[in-house]
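As they're listed, the protein sequences go chains B and X.
The numbering of the first sequence is UniProt numbering, which starts it at 1 and goes up by one.
The numbering of the second sequence is UniProt numbering, which starts it at 1 and goes up by one.
Derived by calculation from the structure, the hints in this document are not laboratory data.
Do not rely on the hints blindly, as some may be mistaken.
What the hints assert, rightly or not - Estimated spans, in silico, between C-beta atoms of each pair:
| no. | chain 1 | residue 1 | chain 2 | residue 2 | range |
| --- | --- | --- | --- | --- | --- |
| 1 | X | LEU53 | B | LYS376 | 19 to 29 Å |
| 2 | X | ASN414 | B | LYS40 | 45 to 55 Å |
| 3 | B | LEU318 | X | THR292 | 17 to 27 Å |
| 4 | B | SER107 | X | GLN268 | 35 to 45 Å |
| 5 | B | SER385 | X | ASN414 | 31 to 41 Å |
What the hints assert, rightly or not - EDC-like mimics (lysine to aspartate or glutamate), calculated; alpha carbons at most 20 Å apart, straight line:
| no. | chain 1 | residue 1 | chain 2 | residue 2 |
| --- | --- | --- | --- | --- |
| 6 | X | LYS411 | B | GLU394 |
| 7 | B | LYS334 | X | GLU331 |
| 8 | X | LYS73 | X | GLU95 |
Here a beta-carbon is modelled for each residue, glycine too, at the ideal position from N, C-alpha and C.
There are 2 protein chains.
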Amino acid sequence: MKVTKFGGSSLANGQQLQRVYDIIRADDDRKVVVVSAPGKRFKDDRKVTDLLLSYAQATLADEDTTEIIETIKHRYHSIGEFFELPDYELADLDEQIEHLARKHYRSFDYLYAAFAAHGEYLNAQLIAKIFNHLGMPARFVDPKEIGLLVNDNARSATFDTASYTTIGELDLSTSERLIVPGFFGYTRSGDMATFSRGGSDITGAIMARGLRADLYENFTDVSAIYAVNPSIVEHPAAIQQMTYDEMRELSYAGFAVFHDEAIIPAIQGGIRINIKNTNDPDAPGTFIVPPTEVQQTRPVTGIANSNRFAALYLHRYLLNKQVGFTLRILEILKRHNISYEHMPSGIDDLTIIFDKTMLTQEQVDNMLSDIAAEIKPDTLKWIPSYGIIMVVGEGMRNRVGALTEIVAPLKERNISLQMVNQGASEISIMLGIQPDLSDSAVEAIYTNIFK
Amino acid sequence: MKVTKFGGSSLANGQQLQRVYDIIRADDDRKVVVVSAPGKRFKDDRKVTDLLLSYAQATLADEDTTEIIETIKHRYHSIGEFFELPDYELADLDEQIEHLARKHYRSFDYLYAAFAAHGEYLNAQLIAKIFNHLGMPARFVDPKEIGLLVNDNARSATFDTASYTTIGELDLSTSERLIVPGFFGYTRSGDMATFSRGGSDITGAIMARGLRADLYENFTDVSAIYAVNPSIVEHPAAIQQMTYDEMRELSYAGFAVFHDEAIIPAIQGGIRINIKNTNDPDAPGTFIVPPTEVQQTRPVTGIANSNRFAALYLHRYLLNKQVGFTLRILEILKRHNISYEHMPSGIDDLTIIFDKTMLTQEQVDNMLSDIAAEIKPDTLKWIPSYGIIMVVGEGMRNRVGALTEIVAPLKERNISLQMVNQGASEISIMLGIQPDLSDSAVEAIYTNIFK
């Protein structure tokens, strides 16, 4: 049995959904289908999730919502029309869209979460209707029905592993395909709460593990995961297979094809993942598998980079002689609900690296003023933009010299690094770099290693 | 005015002290003399400080102390005899040695601190007597007299900077040389408390800053600080001058010539330091100076290594998504009064590096069991011996490619690194390595860079 997940671009319109239908019909093992909300149909289009968030905002601001409601309805209706689904089949979807604004929510966060979750929630209902209409028995499965529980973090929820038991009880013996909306679960109080953006991958992984699937297929719009971002290097090498940990490290630093948190259920359940292309379903795609299944041929599997970081630099003499120095800094971070990514230190120097997409300017200002007042460093410097490059490969385990192949081409091009962190992870080397140098550094490293 | 400090090997016997006398007499600017306890006279000799610690132990165990007392007395007497100092001059020293065992102490730690401090305390008194006997007016200055205050950490005390004021009031207008014992100060309650071992360097630096000395001379048994440990590389390059920060980084990783904490008062007071050789006083030695005074000629000033570290490796998925994860680990460390050195992290991995000379096995066991119970990592590994190499040079600031010159020779010799930490400090690159590979790695790096 396979759990098969489709991303937003695979579900953007009727034409794309037709491909999805064909893919599902071609393989009876594709029993459980996890779907995202309809994505962009063209470059400047808006995703349905973004439309729903505008609708949420307008509702909160008590603005006129007629137009945005019509736009959202139209997206679903146009998909239905493609398949000549009778209009009355969509009446309950329309009602749900309108009802969203009239419900009571525990907080603004839960309101936003519920609006956003409806992109998937409505789409799964619609897709079940369309599949039945086209003659393939299908049933919409509400995450509530299978007890997909999450914690109380409304818009970046964490999955409650107790749910694997109830998910595992889902009846797969019927002939119906089961259509499950991705991206959200329910809190113990019954509120919808979403994973972080892109979280449909997580739902797919949870379903695959809970149901002990043989394979978790993840359909997207690329035929493989490439060893480097194709916008940096033309026609880069495709990765045929890689390990779970390699995927995690690469997605951390910008490989957005697969959500990094979605790997965990797969690892824990030993579920193989296959990234495939809805528009080229016969291509083998990329397999993400346990380390025992991979025969490595090259030291480096992929090179990722992301400029979403920021850094704080601190200098203070005898910094590391004080028990509790870093502890006091971390207490300040916790006070402002800030988590950090990495903390390389010298004898008298400490750099703290943050994911700036997780920070507001207010948090940064408060943190900086508290550190200045309570820690009294000799130097305190905020670096608002910081790039990270991850060079990843199981082949680097116990292999001498990978670092030389990484830094030598940078020296040649006179590109300087702000940080080198090797050894914390056995399968990757992390580099810190000025954001504007990041792409050319990646290109230099890729060219040296892969060509 | 110069503050001139002599280490234990320069004061081990009468012959050595004669050299010290000649050095002091040769320069009227050598007004303040800071002395250590008599050190080893030959390879398997015992330092007086170690004899005093045995005496402390025997006292606590209520064992017979006659022999150890005689051994200690003999060390001082044999120095006095060399200068034909009349025996009655040493009567009050003998009395002080005996009296040590009869005094009351606040705690075992204060007992050990007082016994250890007497190595310097008695030696400074003896040296003042001998200098006077030889015709050079000299006066013993008790740190109590100049208000050299320290905090309540009996055996690894921190200096109270308020003391600079009282030290600055010391009368330097007399013709006497002032003989100050190194290594210890007094708490506010009047107890002797020592700096960490080698702490006479700290006393010298404090005196130099408090008295605004023109130069802090630090006499030891080498004619210069070398760019690499002479036991690893034969006839290494001598360092003629380096900056304060370079010295700090090098002494952190094993350059024991100068105590790393002793740099701080010098930096703060802008005091130049000159490391010189008692046995070759005309050699220029090594100057440690502010960065503005150094003309750099090579990217790397020195390479140090030390195997005094240990490491803890932790693996846990989504480790860095949790606000407060590291905070909880640091709280466990603080609970057991453990400070850490460095904490390189990957996405799901965290390595914590410790100075194992600061740890007891009991602390380690307690920390490991608390981390296992409270943090529940997927993997928890204790690495009892871990080497660190520091490649240090102001010339590395903004210089591209230093890392290549460091890792390339290691690749050639097939030496693998466990950690590379570049960027936390602007003037050094820190490498983690298996202790048994450390020396050959240093040799390879030195050869590549210096030859």
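With 19 to 29 Å as the target window, see if LEU53 of chain X and LYS376 of chain B comply at their CB atoms.
violated, 37 Å
Is the hinted pair LYS411 of chain X and GLU394 of chain B satisfied, with a Cα-Cα distance of at most 20 Å?
holds, 18 Å
Pairwise hint evaluation, GLU95 of chain X against LYS73 of chain X, where the allowed Cα distance is 20 Å at most
Holds. LYS73 of chain X to GLU95 of chain X sits at ~10 Å (cutoff 20 Å).
Quick check: does the Cβ-Cβ distance between SER107 of chain B and GLN268 of chain X fall within 35 to 45 Å?
The hint (35 to 45 Å, Cβ to Cβ) is violated, given that SER107 of chain B and GLN268 of chain X are roughly 52 Å apart.
When you take the CB atoms of LEU318 of chain B and THR292 of chain X, is the distance between them in 17 to 27 Å?
Roughly 22 Å apart at Cβ, these two residues keep to the hinted range, so it holds.
When you take the CB atoms of SER385 of chain B and ASN414 of chain X, is the distance between them in 31 to 41 Å?
Hint holds: Cβ distance 39 Å, inside 31 to 41 Å.
Assuming the hint says 45 to 55 Å, is it satisfied by the Cβ distance from ASN414 of chain X to LYS40 of chain B or not?
holds, 51 Å
Agreement of LYS334 of chain B and GLU331 of chain X with the hint, judged by alpha carbon distance not exceeding 20 Å
holds, 13 Å
Going down the numbered hints, you'll see the structure goes against 1, 4, while the others check out.
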